[in-house]
Amino acid sequence: ACGSPGGSSSGASGSTKLTMFHWAGAQATVPEKVGDAFAEANNVDVAYIEGTNADTFPKLVSSVQINKNSPLLNLGFFNGQSFAQGNASDLWEPVPASVTNIDAVNSKYQIADRRGAFMVMDAMGLIYSKKAFKTPPTSWMDLFDSAYRGKVTTWDAPAFSVNALPVIAKLNGGSESDLRPGIDIFSKAAKAGQFHGFIASIDALRQQLNSGEVVIAPGFQGVAQPWIDAGDDIGFVAPKEGLMAFPEGFQLVAGSSEAQLEESAKLLNELFAPENVAEYCNLNGLIPLVEGAELKAELADKETFQLAAVESAIQIDWATLVENIEDATTAWNKDVKANI
Amino acid sequence: MTGPTEPGNTVKRRRNPAALLVLPGVVYLVIAFVAVVALLISYSVRVERTSVLFAPVDLTTWSTALGDSYLWSTVGTTLRLGLIVSLITVVIAYPLAWCVQTMKRGWAAAAMLFVVFSPILVSVVVRSYGWQLLLRTGGPFGDTFDSWLYHEPGVILALVHVELPFAVFPILSSIRTIPAEYTEAAADLGASAAQRFRKVLLPLTAPGLLSALQLVFTLTISAFATPALLGGGRVTVLAQTIYQNIQLLAWPLAAVQAVILLVLTLIVLSLFAAVTRLIGGGVR
Amino acid sequence: MRRSPALEALRFVFLLLVTIFVLAPLVVVLLASITPDEVLTSLVPKGFTTQWISQALDYEPFRVGIVYSAQVAALATVIALLLGTPAAYALARTRVPGAGLLRSVFVAPLSLPRVVAGFCFFALYVSLLPSAYGTVGGVAFAHVLLLLPFVVALVGAGLAGSDPALEEAARDLGASPLQAFFKVTLPQIRMPLLIAGVFSFLTSFDEVDLSIFLMPADTTTLPVAIFLRLQQDQDPTTSAVSSLMIVASLVIALLTGLAVRRAGLWRTGRTEGTGE
Amino acid sequence: MSDFGASSVEISDVTRTFGSQRVLGSISLSIRASSFHCLLGPSGCGKTTLLRIMAGLDTPDTGVVTIGGTDHSRTAAHRRPTNLVFQSGALFPHLTVADNVAFGLKTDRRTPQGEARSRVAEILDLVAMGEYADRRPATLSGGQRQRVAIARALVRRPDVLLLDEPLSALDLALQLRMRRELRRWQQETGTTFVCVTHNQSEAMELADEIAVMNAGVVEQSGSARDLYEQPASRFVASFIGENNIFEKLTPMDEGHTADGLVFPAGRADSLAVRPEAIRLVPADHPASRGPGRVLTTSFTGKSVRVSLRTSTGREVLAELAPGATTAQAGDTVGIDFDDAAVRRFGAAA
Amino acid sequence: MSDFGASSVEISDVTRTFGSQRVLGSISLSIRASSFHCLLGPSGCGKTTLLRIMAGLDTPDTGVVTIGGTDHSRTAAHRRPTNLVFQSGALFPHLTVADNVAFGLKTDRRTPQGEARSRVAEILDLVAMGEYADRRPATLSGGQRQRVAIARALVRRPDVLLLDEPLSALDLALQLRMRRELRRWQQETGTTFVCVTHNQSEAMELADEIAVMNAGVVEQSGSARDLYEQPASRFVASFIGENNIFEKLTPMDEGHTADGLVFPAGRADSLAVRPEAIRLVPADHPASRGPGRVLTTSFTGKSVRVSLRTSTGREVLAELAPGATTAQAGDTVGIDFDDAAVRRFGAAA
Ligand SMILES: Nc1ncnc2c1ncn2[C@@H]1O[C@H](COP(=O)(O)OP(=O)(O)OP(=O)(O)O)[C@@H](O)[C@H]1O
Ligand SMILES: Nc1ncnc2c1ncn2[C@@H]1O[C@H](COP(=O)(O)OP(=O)(O)OP(=O)(O)O)[C@@H](O)[C@H]1O
Ligand SMILES: [Mg+2]
Ligand SMILES: [Mg+2]
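Protein chains in written order, with our numbering: chain A, 1 to 340; chain B, 1001 to 1284; chain C, 2001 to 2276; chain D, 3001 to 3349; chain E, 4001 to 4349.
Simulated from the structure, these hints should not be mistaken for lab results. Hints should not be assumed to be uniformly reliable.
To be verified - Cut-off 25 Å, straight-line C-alpha distance, at most; resulting in silico cross-link-like pairs (SDA-like, lysine to any residue):
{"no.": "1", "chain 1": "D", "residue 1": "Lys3302", "chain 2": "E", "residue 2": "Ala4340"}
{"no.": "2", "chain 1": "D", "residue 1": "Lys3106", "chain 2": "B", "residue 2": "Val1275"}
{"no.": "3", "chain 1": "C", "residue 1": "Lys2183", "chain 2": "B", "residue 2": "Pro1024"}
{"no.": "4", "chain 1": "A", "residue 1": "Lys33", "chain 2": "C", "residue 2": "Leu2057"}
{"no.": "5", "chain 1": "D", "residue 1": "Lys3302", "chain 2": "E", "residue 2": "Pro4322"}
{"no.": "6", "chain 1": "A", "residue 1": "Lys191", "chain 2": "B", "residue 2": "Leu1023"}
{"no.": "7", "chain 1": "C", "residue 1": "Lys2183", "chain 2": "E", "residue 2": "Asp4134"}
{"no.": "8", "chain 1": "A", "residue 1": "Lys240", "chain 2": "A", "residue 2": "Ile183"}
{"no.": "9", "chain 1": "E", "residue 1": "Lys4302", "chain 2": "E", "residue 2": "Thr4312"}
{"no.": "10", "chain 1": "D", "residue 1": "Lys3106", "chain 2": "D", "residue 2": "Ala3133"}
{"no.": "11", "chain 1": "B", "residue 1": "Lys1104", "chain 2": "C", "residue 2": "Glu2008"}
{"no.": "12", "chain 1": "D", "residue 1": "Lys3302", "chain 2": "E", "residue 2": "Glu4209"}
{"no.": "13", "chain 1": "A", "residue 1": "Lys68", "chain 2": "B", "residue 2": "Leu1023"}
{"no.": "14", "chain 1": "E", "residue 1": "Lys4302", "chain 2": "D", "residue 2": "Ala3232"}
{"no.": "15", "chain 1": "E", "residue 1": "Lys4302", "chain 2": "D", "residue 2": "Arg3309"}
{"no.": "16", "chain 1": "E", "residue 1": "Lys4302", "chain 2": "D", "residue 2": "Ala3277"}
{"no.": "17", "chain 1": "B", "residue 1": "Lys1104", "chain 2": "E", "residue 2": "Leu4095"}
{"no.": "18", "chain 1": "E", "residue 1": "Lys4302", "chain 2": "D", "residue 2": "Glu3315"}
{"no.": "19", "chain 1": "A", "residue 1": "Lys334", "chain 2": "B", "residue 2": "Tyr1070"}
{"no.": "20", "chain 1": "B", "residue 1": "Lys1104", "chain 2": "E", "residue 2": "Asp4134"}
{"no.": "21", "chain 1": "C", "residue 1": "Lys2183", "chain 2": "E", "residue 2": "Glu4209"}
{"no.": "22", "chain 1": "E", "residue 1": "Lys4302", "chain 2": "D", "residue 2": "Ala3133"}
{"no.": "23", "chain 1": "A", "residue 1": "Lys334", "chain 2": "B", "residue 2": "Leu1059"}
{"no.": "24", "chain 1": "D", "residue 1": "Lys3302", "chain 2": "E", "residue 2": "Val4281"}
{"no.": "25", "chain 1": "B", "residue 1": "Lys1104", "chain 2": "D", "residue 2": "Val3023"}
{"no.": "26", "chain 1": "A", "residue 1": "Lys334", "chain 2": "B", "residue 2": "Asp1068"}
{"no.": "27", "chain 1": "C", "residue 1": "Lys2183", "chain 2": "B", "residue 2": "Leu1023"}
{"no.": "28", "chain 1": "C", "residue 1": "Lys2183", "chain 2": "E", "residue 2": "Thr4139"}
Unchecked claim - Here are a few chain B residues that face chain D, going by a calculated C-beta distance under 8 Å:
{"no.": "29", "residue": "Tyr1182"}
{"no.": "30", "residue": "Glu1184"}
{"no.": "31", "residue": "Ala1185"}
{"no.": "32", "residue": "Asp1188"}
{"no.": "33", "residue": "Leu1189"}
{"no.": "34", "residue": "Gly1190"}
{"no.": "35", "residue": "Ala1191"}
{"no.": "36", "residue": "Ser1192"}
{"no.": "37", "residue": "Gln1195"}
{"no.": "38", "residue": "Val1200"}
{"no.": "39", "residue": "Pro1203"}
{"no.": "40", "residue": "Leu1204"}
Built from N, CA and C at the ideal position, the CB exists for glycine as well.
This is chain A alone, in the form it adopts within the complex:
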């Protein structure tokens, strides 16, 4: 029942084997469906790695470093941060021109050197408890409002892509390369007892919001939407400064064999077909970045699912952030975490 890590020695014996990495749970449905159909049609073996971005990316990196020509996977779904990290270590293969469907990606999210392609976007805003807020919070800085002392939470380092540090830094005169202003604000808040604690799982966030231990936190629309759908007294709002864009998409992995790259590119093209993108977004509460992918009605109506929201979103320079992430972690640990 178990394959070996995606081999480079394809072609020699029968059909090509390729390994695709996708995220788990509902995010697995569409990639596997498309992958199975593709395998069937093209006489290709497709194996899947289901996992999280955080765990799989390091595995991929180390596999390549052990053997440049034998990457753990050939085609993978990653977030913007990993896109940038991979670029830094030449992990990605440019997407060939034959993958025409990526031309329909929103121009703001087109990648110049075609190393990968963003497919969908999750939007980070504020998740809040409707019981505690008569009117929804309006600003990112509400996280630091002393009215909510002890009832705020966010993610611990090094998950800076999701814990709002880069956003707060940028809003306060800092940048991806200078997170200090953000760290200072978090540090002050920590000392004042602003935080109920830091969360380590999405589940904990939901629990705490529902129980009233926490009333506000930075969070993803794609995370909040299923909770809202399930009837929790939870709201998601785009702060007046704008949502934070969190694009996700696919990469072809360098070191894969010619045949694997060729087949992966074909599969990639399938995945970017508008109907597949739409289904992916509908299932996971995400904003499609591909033109022609139509959201289902319930979502399409929501303000935060509009492309306008995307276009006005706070864009993070992932490459710069990634360069600073290690130092930022050190600073975060020392100044924020040590004080909470």
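Starting from the known structure of chain A, arrange chains B, C, D and E with the ligands on it as the hints suggest.
Below, chains B, C, D and E with the ligands without anything else, positioned relative to chain A:
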């Protein structure tokens, strides 16, 4: 003319072929553990985040890590947590093992054993979820144990909960091998229940106690999920920082920290062994 | 010896407290898996549903994971017992050079954070033995590192108290060292062995951090599947799996209990009115 | 010595059952304060069980144990003024010889440390184990262990000292020396000693009074001489010293031949004649009560033991002074004894 | 019975040291095939160690153990044609009495199951433990355990049976019976028996030959009578039977007074007189070799033991026929013995 003349039981003397039985286990440790540790050490002395087996030696990671006060505070938390949890666990487990051993009805003892066992039937994530529900503000124990959750006491509570079986069972195994006549003789010589415990039972169960301490301690200081889920960011142990660094691809640093953790563990384990030898008066 | 009523009462209270402490979080999990709410907000169930349980049973990765986990756990347990029991025996009964250090070294792997061990095994497999990566054997081999400490510690604790003279008697009666071990030593350490086996099995079955690095493409162990699901979906299905495991273990425990009773495992070989 | 006590022990109607086996069937026994009392009986008759009940290590099903006038039936072992020397030794494996002996002095803190140390040293010298003080029990020989066990109980100076076959693993010389020491100790301190032994010469030499137990009951209690010379039952007759027992005799009104030997007149179900009361005479000697064929002869130092077979096939043992006979295996001789040497027992006995 | 074997045992220059303690110092001993050999010696002299070396459970530092002509020095215990009855019993706690006994029959599969069962039953009856077949050792009395230990070794029918104080926990009646059984068994099967005992009467009754050990060496080896009548050393004299030993005498050229008694002339460092060789005469009797004050008298059934103190304070023990004296404690009497009863030992002995 004269052979080796160690004291001790004959079975323990001279080139006993049974000593070779330790070999398969040692071979495995060499293949698995030593390889892992060697890999760690090799990672720890490089700067490149490459995972080729050999790279030029560079000690900068070591020197920065050793001078990092935050790392040492994490080490402190880790060791403190390890010691507190092992002590509390053993203090609960020891009388518990005795109660189980002396239960008159076999089924009651079996049921109690199952109860003790049950935490490890539930995955750590789900277990932590249970604690969150119980301890959160507004939960059934939220008021009594105000602010335990997302603080050290909550983490300790949850760790003791899951390490309990790892302490009860070694103690129980060693209790079961003590003949009744030793406690009887002690009682006959005027020892009260407390004295019998302190002077006879405790030393005779020292091997089990040692196993319990060692198991619980090592499990606790390498525990990652429980402090992460219940510590609320306030309780940072070395395992978490290591995990962070792996995710950051800061492998040399992660390796340095893992080696530090391992060395500290070996030191504490031998301390435990020494202390237990004191209690046990060097039995066996 | 007689026990005083005060002591009896104390003992009862103690056992009760321990039971509550141990079971409370598990009962909550059980509740969560049969309450309709997706998020348990109160401990008084608002109804009853088998929805989560049937969802858990239907969820493909759980089904595959259980089988895979069981295979890995069984294999790892067998290897750990086969390696650990002789080692514990040698450490307890013979003068192995450096026995004190060895004892610590057998336990030490537990202190390696499992993510580290997992990452290292991953690197080892991929670089040295690609064919082991992701196979039941490969995962089990790595798990043995975590199980060996239980076996060595538990069996060692059991052996420490048993009388070496009995093995001498057996050998004198014509039993080869192997026969002596199986017919005399083993029966005396049945209990520690059984416990070590169960511990090993469950630990391996529950292992996430290490396995996650060794799991390849389309298969994962059950706990890894639970873990991954929790990353994305937060409904009580995962609690339901845990509840199912508790119930299944209870059944297995009952069955072993009966078997054990028939095999006389509970007999301690001590006179009645033992201990305190 | 002021801190030595002595208490009488009174056992009334004590019974003890293990499972379905009645091990003690209503035992009553009075042991005078400051006396040396021996319990004698065959293996498995309940001696150890009775001692354990006195020590409080076992609980009788019914009955009362009074020590020094106080009902101690419900007193825990460690509060009783008794100490037991275990049949198996039960030395603590984790303590040295000296620490084993000192154990009982440390449990109550009445004995100052310095005194405890000197008492331990003294008692270890008494049992000739002084030079083993720092050894662990596992490295001792069987007899050495037994001596430590005795020392450990003696050093506590209990009111009642209970000894379970305390000298069984010792060589004769040491046994004799230890007997003398025990006896001297008992007389000097006035402590009550209750000693289980299967060695009759030990019991006879040591005891003021001996209780003979059989199958969970006390058959007879009295001085050594009483038991030897006036056994109350067939069992006591056969158990105390050796005896040639002739059983299932028909009532005898006049000189009667049983098992090929002529006995004096009198009613009895069984008769006993001590081996040392038997004389060997030439087969045709007028005093001969019947012929016997010599099966074996063996020299035991002080005597020659001759085993004979009567004309009806019954085995008879004779114990003669060395030189009193020249009979060899295979010879036929006459068996003779005095009328007065014959003891009779009824059916009930 | 074809499956009984017998082998001689030859021990040459065996030494064994524990730590710094020389427990066996160059032992050499020949044990004839089919003989009953007893090892006698004080507690801690190395008897158990020697037996364990013969059984292969302990390895000597130097020396050779030959069994039945084959050098077995390096043979593992389970391959030796020997079986050992452990001093401690070493019964398997998890097996019933019957299974304990059957254990050794199952290790080699030469004995068919049915035969094994009947042999176990037979041997359990022999040691009077038939009705305890299904019990576990923990529920047995001390003597019952010892009997099971004997049965377990006997049933194997080894060439050489090693017994370590096999009867020490048994009452006299049972001891005598078991002695007879052991002796009978040994003679019928021709098996070589090596038996450690501290009971001299046992050794004398059972053994063809006795080796007297002391402090790790064999002092004398011979028949019971030889040892009793011609002890080769002061130690043997005092150890085999009781003896009154008079030490550190100056060389005596003519009738000499030592310890207040007159001895015949002759060179010696010590003298020995058996208690039974001593006669009590009136204090003023011409035969008296010196006066003695009676300390205690005790009746042991077959004799009266009188302990006396000479004028120089030396204690002397006399063992007299019942009725041979009327002396009471406190009386002063004359001590008498024949010249021939005096044995002399040089400094070396
Ligand atoms: N725990 C027990 N369970 C069942 N039976 C027992 C137990 N202890 C003793 N017995 C039985 O009770 C009887 C008396 O045992 P006890 O130990 O008192 O005998 P004893 O007179 O001391 O014999 P010995 O001289 O052989 O030591 C024996 O038949 C023994 O088998
Ligand atoms: N394992 C050991 N370690 C150290 N010394 C030992 C060990 N075993 C025995 N000895 C010592 O060796 C000496 C001889 O012991 P052994 O058991 O052979 O004596 P024994 O003649 O059988 O005495 P006993 O009649 O008392 O049983 C003793 O002084 C004992 O203390
Ligand atoms: Mg007894
Ligand atoms: Mg011995």
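Against the structure, the hints come out as follows:
1. D:Lys3302 - E:Ala4340: 16 Å, holds
2. D:Lys3106 - B:Val1275: 22 Å, holds
3. C:Lys2183 - B:Pro1024: Holds - the C-alpha atoms of B:Pro1024 and C:Lys2183 are around 22 Å apart, at most 25 Å.
4. A:Lys33 - C:Leu2057: At roughly 21 Å apart (the allowed maximum being 25 Å), C:Leu2057 and A:Lys33 satisfy the hint.
5. D:Lys3302 - E:Pro4322: The hint holds at about 14 Å.
6. A:Lys191 - B:Leu1023: Violated: A:Lys191 and B:Leu1023 sit about 55 Å apart, past 25 Å.
7. C:Lys2183 - E:Asp4134: Roughly 18 Å separates the two Cα atoms, so the pair holds.
8. A:Lys240 - A:Ile183: 21 Å, holds
9. E:Lys4302 - E:Thr4312: 30 Å, violated
10. D:Lys3106 - D:Ala3133: Holds, at roughly 17 Å.
11. B:Lys1104 - C:Glu2008: 12 Å, holds
12. D:Lys3302 - E:Glu4209: Measuring from Cα to Cα gives roughly 18 Å; hence the hint holds.
13. A:Lys68 - B:Leu1023: 37 Å, violated
14. E:Lys4302 - D:Ala3232: Holds, at about 19 Å.
15. E:Lys4302 - D:Arg3309: Cα-Cα ~23 Å, so holds.
16. E:Lys4302 - D:Ala3277: Cα-Cα ~10 Å, so holds.
17. B:Lys1104 - E:Leu4095: 22 Å, holds
18. E:Lys4302 - D:Glu3315: Between E:Lys4302 and D:Glu3315 the Cα gap is close to 21 Å, so the pair holds against 25 Å.
19. A:Lys334 - B:Tyr1070: 6 Å, holds
20. B:Lys1104 - E:Asp4134: Satisfied, since the Cα-Cα distance of roughly 23 Å is no more than 25 Å.
21. C:Lys2183 - E:Glu4209: 37 Å, violated
22. E:Lys4302 - D:Ala3133: Given that 25 Å is the threshold and the Cα spacing comes to 40 Å, the pair is violated.
23. A:Lys334 - B:Leu1059: Holds. A:Lys334 to B:Leu1059 sits at ~23 Å (cutoff 25 Å).
24. D:Lys3302 - E:Val4281: 21 Å, holds
25. B:Lys1104 - D:Val3023: The hint holds at about 22 Å.
26. A:Lys334 - B:Asp1068: Holds, at about 10 Å.
27. C:Lys2183 - B:Leu1023: Holds, at about 23 Å.
28. C:Lys2183 - E:Thr4139: 21 Å, holds
29. Tyr1182: 6 Å, holds
30. Glu1184: Constraint on B:Glu1184 satisfied, holds at 5 Å.
31. Ala1185: Holds: closest Cβ of chain D sits about 4 Å from B:Ala1185, inside 8 Å.
32. Asp1188: 5 Å, holds
33. Leu1189: 3 Å, holds
34. Gly1190: 4 Å, holds
35. Ala1191: 5 Å, holds
36. Ser1192: 6 Å, holds
37. Gln1195: With Cβ-Cβ at 5 Å, under 8 Å, it holds.
38. Val1200: 6 Å, holds
39. Pro1203: 4 Å, holds
40. Leu1204: Holds, because the Cβ-Cβ distance from B:Leu1204 to chain D comes to roughly 6 Å (cut-off 8 Å).
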